[in-house]
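K.L.:
Model the full structure from these sequences, guided by the hints.
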Amino acid sequence: MSRRVALEGSFAAAEAAKMADVDIVAAYPITPQTHIVERLAEMVANGELKAGYIPVDSEHSAMSACSGASAAGARTFTATASQGFFLMHEVLYWVSAMNQPVVMAVCNRAVAPPQNIWADYSDAMTARDTGWIQLFAVNNQEVFDFILSGFRIGEDARVLLPVMVHLDGFTLTHVIEPVILPEQEEVDRFLPKYQHPFVLNPDKPMSYAVISSPDIYSETKKAQDVNLRQSKEVALQVWNEFGDVFGRYYLPIDRYRCEGAKTLLMTMGSLSETAKVAIDRKRARGEDVGLIILHLWRPFPFEELYQAVEDAELLIVFDRCISLGGPGGPPFSEVRSALFDRRKDIKVVGLVGALCGRNLSVEQFEEMIDRGREIAEKGSKEIFETIGIRG
Amino acid sequence: MEGGFIKFGKNLVTKDELLSFGHRACLGCGLAVTIRLALKVLGKDTIVGTPAGCWSGVGSMYPDTAWRVPWTQTLFENSAAVMSGVESGYRILMEKGRIPQRKINCVAIAGDGATNDIGVSALSGALERGHDFLYICLDNEAYMNTGIQRSSATPYGASTTTTPVGKFTAGQTTQKKNMIEIVAAHDIPYVASACPSYPFDLMNKVRKGADIKGPAYIHVLAPCPTGWRLPTDLTINIGRLAVETGVFPLYEVEYGRYKLNVDRPKLKPVEEYLKPQGRFRHLSEREIEKIQKRVNEQYAKLKAKVTASAA
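Protein sequence lines correspond, in order, to chains A and B.
Residues in the first sequence are numbered consecutively from 1, following the working numbering.
Residues in the second sequence are numbered consecutively from 1001, following the working numbering.
Keep in mind that a hint or two might mislead.
[Claimed, not checked] Now the stretches of chain B that chain A is said to cover, found in silico as 3 or more residues with beta-carbon under 8 Å:
no., region
1, 1043-1055
2, 1085-1098
[As the list claims (entries may be wrong)] Below 20 Å or equal to it, Euclidean Cα-Cα: the simulated DMTMM-like pairs (lysine to aspartate or glutamate) are:
no., chain 1, residue 1, chain 2, residue 2
3, B, Lys1044, A, Asp203
4, A, Lys204, B, Asp1045
5, B, Lys1103, A, Asp203
6, B, Lys1303, B, Asp1187
7, A, Lys204, B, Glu1017
8, A, Lys50, B, Glu1095
9, A, Lys193, B, Glu1095
10, B, Lys1096, A, Glu48
11, B, Lys1096, A, Glu42
12, B, Lys1096, A, Asp188
13, B, Lys1177, B, Glu1297
14, B, Lys1096, A, Glu185
15, B, Lys1040, A, Asp203
16, B, Lys1096, A, Asp21
17, A, Lys344, A, Glu313
Treat the hints as calculated values from the structure; they're not laboratory data.
Here a beta-carbon is modelled for each residue, glycine too, at the ideal position from N, C-alpha and C.
P.N.:
The structure is reproduced here in structure tokens:
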């Protein structure tokens, strides 16, 4: 029997790692990730979780130790945010190319300077070319479910890739919500013991990450790309099975009240729930608007996007990240690029906001939809607009 | 030579080669000799991690590899962190009964740049956390793989491509960072210096470092004829001279106790070590005197530590 408990996002993440029976946690503290690693350290200290806890000297070493532990055949978990995430960056590429299915909770936080600790996706978006699977959670239940299913997806023999589960700093990490926790036996049935086919093993000596000449490098990168793209099919299968076992079904893109909607808003993360209320209000006034929520950012769900916007004439993409000097926030520019050849008849408008944890109200989401329509009709001086900027 | 040559003698060394022939090392490479000897001691139940450096390309280039033990390349600065993960991963899997208990040597083999400079935080962290692993620093005293740029292990006066001999400065203007003492300050069970010119001493130390529970560190002076501007047949000679002049004393620190492994009654003049090497050819007599003075001081300091820790 599952049980419904009150958990902040950080504890939901730690609980998921515990129920996945991780072997190694290597982590370095950074706000707002600390509650996750504190809780895990407590679990290890209490014997609730039998794992090696490596309190490393930096995030670079955290991801490096995860890489080594994963290479030894251990199920491995870590968590970080913002600057720590950047310090890991070099190692992120390594872990994915080495086919090490590490799972990491990323507690999204803006980038300094100015120094800050609050949520946006400036950290997350820099990882889009690192070869990781990237999932964005809307609430604490999804944090738990994505971490648990993340292990299953990443460790699948057809995938063998690392997985990031993104949860918004503070708005999820530190906010208590009801979370349904499964029984351990259910989890054990869903998630088999980790078995990597190519571990560092003295009985089968192999060399890893050897130098490759230009003759072979392109082929390895192409293979990596194909592998990451194909992981979406596995994710779909795993989530289907997850739904059958736990009763909650997930998709790369969630649709909310999209029936007959000519105008769609696209969001990611916790603000999607605020956006839902805005959609409800507009629907109550008879407006034909709907919401699509992007869960799976990498591999990018092209097919699901095409389907989701099939009947729409306008797609307003809301971004919590600014691409300085670029074509708009990464989701906006990628969505627009994805639709460029497919849908000449759809307008895609980019709006950036809620940087560094700045709150966005339901009313502001309603205004954003109105402004999006206005831009679609009359155009804008800018490639994308930033919401709520003073001066 | 009290305490030396216990386990290894000429006829007792295995003929098994776990570093295969055919690798791409330069003629006279001090690193190749060291790795070959170390692997003879470590044996098959060993996992090696090596960062970017000469041995990225020398030991393995797809589809070839010279490593007959499981080997992984690591990033430049993270071999100690990666091997701490490998060690912890294996340990917990054994504790959980997922794999059978066995002794596996987790070994990081890294150059002086990867150790003294870019990887010092990862190394210090792994030592402090007490992982059961062996770290071997192969010190050839500069970034040789990228073309002889200075590192913090480059000795005073040595010319490199980034400490060239110019009108205003000539060679390295700073003193060699004493990594052995930095590591010893972590109070780990075993720290040693070694040199392939003293193969049995080196092998004994690798044995000790691998057997001892907890972190062990061996700092190997590995002559590099290419970077030191030295005839390739003088690798072993120059290593001997480094020890005999006191430039690179062979010693170990076992549970805090210092011991000199080669203690000559009288040190040879440093000039004998400096003269054969092109990287020092520009040094004036005054500069050589300065180096001699520094070597005398450092050697006396070391001897004082030996005496103090014996008491």
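K.L.:
Indicate, hint by hint, whether the structure satisfies it.
P.N.:
These are the hints, each one checked on the structure:
1. 1043-1055: n = 5 at 8 Å, threshold three: holds.
2. 1085-1098: Check passed, 12 qualifying residues.
3. B:Lys1044 x A:Asp203: holds, 8 Å
4. A:Lys204 x B:Asp1045: holds, 10 Å
5. B:Lys1103 x A:Asp203: holds, 13 Å
6. B:Lys1303 x B:Asp1187: Roughly 19 Å between the alpha carbons, so the hint for Lys1303 (chain B) and Asp1187 (chain B) holds.
7. A:Lys204 x B:Glu1017: holds, 16 Å
8. A:Lys50 x B:Glu1095: Holds. Lys50 (chain A) to Glu1095 (chain B) sits at ~9 Å (cutoff 20 Å).
9. A:Lys193 x B:Glu1095: With a Cα-Cα distance of about 15 Å, the restraint between Lys193 (chain A) and Glu1095 (chain B) holds, given a limit of 20 Å.
10. B:Lys1096 x A:Glu48: Between Lys1096 (chain B) and Glu48 (chain A) the Cα gap is close to 14 Å, so the pair holds against 20 Å.
11. B:Lys1096 x A:Glu42: holds, 19 Å
12. B:Lys1096 x A:Asp188: The hint holds at about 16 Å.
13. B:Lys1177 x B:Glu1297: holds, 15 Å
14. B:Lys1096 x A:Glu185: Holds - the C-alpha atoms of Glu185 (chain A) and Lys1096 (chain B) are around 18 Å apart, at most 20 Å.
15. B:Lys1040 x A:Asp203: holds, 17 Å
16. B:Lys1096 x A:Asp21: holds, 11 Å
17. A:Lys344 x A:Glu313: It holds: about 10 Å lies between the C-alpha atoms, which stays within 20 Å.
In this structure, none of the earlier numbered hints is contradicted; all agree with it.
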